[in-house]
Amino acid sequence: MSVSDPVSDLLARLRNAIHSRHAKLDVPASKLKMEIARILKEEGYISNYKATEENSKRFLRVYLKYDTNNQAAIRGLARVSHPGCRVYVHRDEIKRVQGGLGISIITTPKGVMTGRQARREGVGGELLCEVW
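The numbering of the sequence shown is the working numbering, which starts it at 1 and goes up by one.
Please note that a few of the clues may not be correct.
[Unchecked claim] Derived CB-CB ranges, DEER-like:
| id | residue 1 | residue 2 | range |
| --- | --- | --- | --- |
| 1 | Ala51 | Lys110 | 38 to 46 Å |
| 2 | His82 | Pro109 | 17 to 25 Å |
| 3 | Ser56 | Cys85 | 30 to 38 Å |
| 4 | Gly84 | Ser56 | 26 to 34 Å |
| 5 | Ala78 | Glu53 | 25 to 33 Å |
| 6 | Val3 | Arg38 | 31 to 39 Å |
| 7 | His22 | Asp92 | 35 to 43 Å |
| 8 | Glu93 | Ser4 | 22 to 30 Å |
These are calculated hints, taken from the structure and not from any lab test. Predicted, not measured: the structure shown is a model, and the values here were computed from it. The C-beta atom is built at its ideal place from N, Cα and C for all residues, glycine as well.
Start from the sequences and build out the full structure, keeping to the hints where you can.
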């Protein structure tokens, strides 16, 4: 099955899995999705991720993170840039998400990174999504 927006598909699957209190989820793998998962793990929103292969198809297995009260570490996800309406930000235009409690994920010429890292590096790029 072909998906027109793989990042939106990943975010929708994450949102649905969290709402259903799943421990893990599988999504078709890509380099961009792997980088998004890497950032989510570094920032503490998921517990782990790994690339798997079943029947010659690559999958990204994401292990979700919950606290002792069964509350998910991810409270919300929002896709900002869409295939029909790309959103690009200059290094001075990168805003804080939820007053600094969330992160924005940006694709830059130096790779995929958080908004905080992009401000520190002095680069802008396409604002993919926001997570809080």
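Going through the hints against the structure:
A C-beta distance of roughly 23 Å is found between Ala51 and Lys110, which places it outside the suggested range of 38 to 46 Å. Distance hint check: the CB atoms of His82 and Pro109 are about 21 Å apart, consistent with the given range 17 to 25 Å. At about 35 Å, the beta-carbon gap between Ser56 and Cys85 stays in the expected band of 30 to 38 Å. Take Gly84 and Ser56: their Cβ atoms lie about 32 Å apart, and the range 26 to 34 Å holds.
Distance hint check: the CB atoms of Ala78 and Glu53 are about 31 Å apart, consistent with the given range 25 to 33 Å. Checking the proposed 31 to 39 Å range against Val3 and Arg38 shows it is violated: the Cβ atoms sit about 21 Å from each other. In this structure, His22 and Asp92 meet the distance hint of 35 to 43 Å, their C-beta atoms being roughly 39 Å apart. Checked against the hint of 22 to 30 Å, the pair Glu93 and Ser4 passes, with Cβ atoms roughly 27 Å apart.
In summary, the numbered hints that this structure violates are 1 and 6.
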